[in-house]
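Go ahead and model the full structure; you've got the sequences and the hints to work with.
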Amino acid sequence: QGTRFAFAAILADASVVTWGDAERGGDSSEVQDQLRNVQQIKATNTAFAAIRADGSVVTWGFHFPDQGGDSSAVRDQLRNVR
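The letter at position 49 of the sequence shown is residue 49 when you use this note's numbering, and the numbering goes up by one with no holes.
None of the hints are false.
FRET-style restraints, in silico, Cβ to Cβ:
| hint | residue 1 | residue 2 | range |
| --- | --- | --- | --- |
| 1 | Ala73 | Asp13 | 29 to 37 angstroms |
| 2 | Glu30 | Ala9 | 14 to 22 angstroms |
| 3 | Phe64 | Asp13 | 30 to 38 angstroms |
| 4 | Phe64 | Ala12 | 32 to 40 angstroms |
| 5 | Ala53 | Glu30 | 16 to 24 angstroms |
| 6 | Asp13 | Asp66 | 32 to 40 angstroms |
| 7 | Arg4 | Ser71 | 17 to 25 angstroms |
| 8 | Ser56 | Leu11 | 14 to 22 angstroms |
| 9 | Asp66 | Leu11 | 27 to 35 angstroms |
| 10 | Ala12 | Asp76 | 28 to 36 angstroms |
| 11 | Asp66 | Ala12 | 31 to 39 angstroms |
| 12 | Glu30 | Ile10 | 13 to 21 angstroms |
| 13 | Ala12 | Val74 | 25 to 33 angstroms |
| 14 | Ala12 | Ser72 | 29 to 37 angstroms |
Hints were generated in silico from the structure; no laboratory data involved. We put the CB at the ideal spot given by N, CA and C, even for glycine.
Structure follows, in structure tokens:
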């Protein structure tokens, strides 16, 4: 998957590697420890969401509320996502 500025790939071990513009999703180091057992990745123009096997969601990228990189406000609702 890709944003307009970065890419993310799911590896064979279900971890994720990212590259490109650091502020727009190319740097996933803040959430790297959570990027395991990833089944899907979705992208906006500036952020990514990884859906894990347990149905939880990890987001990274632009942290502005309207850009999608920070999902902390809805973290409790992001359960059992398919």
